[in-house]
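Asks: Residue strings, one per chain:
Protein chains: 2
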Amino acid sequence: MAVYTDVAVEDLEVFIAGYDIGKLLSYKGIAEGVENSNFLLHTEAGHFILTLYEKRVAAADLPFFIGLMEHLAARGLNCPQPVKNRKGEALGKVAGRPAAIVTFLEGMWMRRTDARHCAAVGEALAQLHLAGADFPMTRANALSVEGWRPIYDACADRADGVQHGLTETVAQELDFLEAKWPRNLPQGVIHADLFPDNVFFLGDKLSGLIDFYFACTDTLAYDVAICLNAWCFEQDLSYNITKGRALLQSYRKVRALSEAELNAMPVLARGAATRFLLTRLVDWLNVPPGALVKPKSPQEYFRKLRFHQQVKSIGDYGVEARELTA
Amino acid sequence: MAVYTDVAVEDLEVFIAGYDIGKLLSYKGIAEGVENSNFLLHTEAGHFILTLYEKRVAAADLPFFIGLMEHLAARGLNCPQPVKNRKGEALGKVAGRPAAIVTFLEGMWMRRTDARHCAAVGEALAQLHLAGADFPMTRANALSVEGWRPIYDACADRADGVQHGLTETVAQELDFLEAKWPRNLPQGVIHADLFPDNVFFLGDKLSGLIDFYFACTDTLAYDVAICLNAWCFEQDLSYNITKGRALLQSYRKVRALSEAELNAMPVLARGAATRFLLTRLVDWLNVPPGALVKPKSPQEYFRKLRFHQQVKSIGDYGVEARELTA
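Protein chains in written order, with our numbering: chain A, 1322 to 1647; chain B, 1322 to 1647.
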């Protein structure tokens, strides 16, 4: 949650004048998204989100993200829809930064999730995977298995200071993951960051998905594994099998999971836990002590990884391969 | 700009249910206000601001702030209007914090101000002073002349590290201000923090004033002096006499400034510069190095203080006592 770049009214008015969305009535920097600066705009035409892309997002990737949101919205997925200016462009520049205006999605992200939310997320994730199937662009996942060891190498010497045993555990885990990572499962567009703060609800109903700035082309079942990590653990970091079952069962009602995908789930879940463990570790080690914005603890994902390492089969996540593929 | 306290959907829905503003459709933490956590709410009844009062705001002062906004709004001033719940209360509790819902004001604060904005602010400030005249509550200004030396004493030994000569300059200035501070000028409700980010415009027209959480009972002309500091200097910290003249002339068209008030302006402006210099100094010294949120520099107000120390009379601010009181 951050506003990194502020925007002057005069600059924003010039930018807005290129769009058919009326005059600007108000705008507020909002605490949403960790990679970019986001503003809620109110214009004569309604409410929109203005995103200024900060340095952590590569400019070369922006056409993929913008194109993907357009593609998914056109296929009926509730996600922010890029608004085009009068020249037909969805990507512009404000305050020296690449910028885009997208439609505003009503709804709220759930700070406390239950099994119904998990079911809704499973369904929406499968819909996303199906809707993305004919998206023509691709983007490699820099944070997949090949990307983990360089991150680890950069902070291995300091990892034990965060959590005793972390250095050794992750070293062994990387050896395991690099050897066992499933390479032949169905690929496609994945969200890759579908955490609770990126899923909006109105009442019990899922109203939309946001923040496609980690989206990429990768193993679809890996996206499911990320969601198991993000949605199905309790505050005390115990795995909630009811939530896991709800998520997986709802997913497969929309898109079938093959036996190979199901059997790979424990390894994929270990990989997902390792990925978030490593990026959180980097953030943790690189924020100065006493900073006002505390990064999220890597220990949470260390404990989730420990859980997945004990898992014997997909059954431990709440479903049987048989009932899912039946 | 900060969201210090996050709020769970479930807790907010329970809170909202006590009001006649329909169901919650969305809420976003916004980067507005430095003392409190602010959320933009969208409900079936429209848009509102939810403020959670953090520890820096004394709970005992909240009835003054809420009462003042109600009072001013009832007298036609464009400011946030507290919304009462079904029990008739404007002050409640969310996430363990005192909280209030106020109406949403359209408009934007100007990052770059010109003389027209300064004229509009002068007029609005005078309207605020008149509208506040019959407000029955009072609140002492903890950040007036008596409050400055304790702040200085707490950081005098480190002040020279921020700006060479600061310790000695402020020590002498406090001696001067304590001896010369005008005590018999008209008193009333002052905003005490009417900086550009607390004044909204739609086009050239001032659309509202916000953030009454420094408001108190004090010398009215001191509020004018704060605005001269906040609005009438350029980026290079040179005083813009055209802006100063616009602000003062517009003010007196609504509320006359007496000769005593005008003659006191140089001292009041020195006091205002000292007040912001000191609070910024404290913030500057107490934020850890490398923190993600940089406090504002105290040096800006050191240079403004230097300017005011050279001022000989109200004429140096852009107006003559004669033309103002004629």
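Calculated directly from the structure, the hints in this document are not laboratory data.
None of these values were measured; they are calculated from a predicted model.
Keep in mind that a hint or two might mislead.
[Stated by the list, open to error] Only part of the chain B face toward chain A is listed, based on derived beta-carbon distances under 10 Å:
#1 1329
#2 1341
#3 1342
#4 1346
#5 1348
#6 1444
#7 1448
#8 1522
#9 1526
[What the hints assert, rightly or not] In silico EDC-like pairs for lysine to aspartate or glutamate, Cα to Cα no more than 20 Å straight-line:
#10 1344/B - 1427/A
#11 1344/B - 1331/A
#12 1526/A - 1525/B
#13 1526/B - 1365/A
#14 1526/B - 1334/A
#15 1526/B - 1525/A
#16 1414/A - 1467/A
#17 1574/B - 1496/B
#18 1526/A - 1474/A
Idealized CB from N, CA, C, for every residue including glycine.
Asks: Run every hint past the structure and note whether it holds.
Replies: A quick look at each hint next to the structure:
no.: 1; hint: 1329; verdict: holds (4 Å)
no.: 2; hint: 1341; verdict: violated (19 Å)
no.: 3; hint: 1342; verdict: violated (15 Å)
no.: 4; hint: 1346; verdict: holds (5 Å)
no.: 5; hint: 1348; verdict: holds (6 Å)
no.: 6; hint: 1444; verdict: violated (20 Å)
no.: 7; hint: 1448; verdict: violated (22 Å)
no.: 8; hint: 1522; verdict: holds (8 Å)
no.: 9; hint: 1526; verdict: violated (12 Å)
no.: 10; hint: 1344/B - 1427/A; verdict: holds (12 Å)
no.: 11; hint: 1344/B - 1331/A; verdict: violated (35 Å)
no.: 12; hint: 1526/A - 1525/B; verdict: violated (43 Å)
no.: 13; hint: 1526/B - 1365/A; verdict: holds (17 Å)
no.: 14; hint: 1526/B - 1334/A; verdict: holds (15 Å)
no.: 15; hint: 1526/B - 1525/A; verdict: violated (43 Å)
no.: 16; hint: 1414/A - 1467/A; verdict: violated (33 Å)
no.: 17; hint: 1574/B - 1496/B; verdict: violated (35 Å)
no.: 18; hint: 1526/A - 1474/A; verdict: violated (43 Å)
Comparing the model with each numbered hint stated earlier shows that hints 2, 3, 6, 7, 9, 11, 12, 15, 16, 17 and 18 do not hold.
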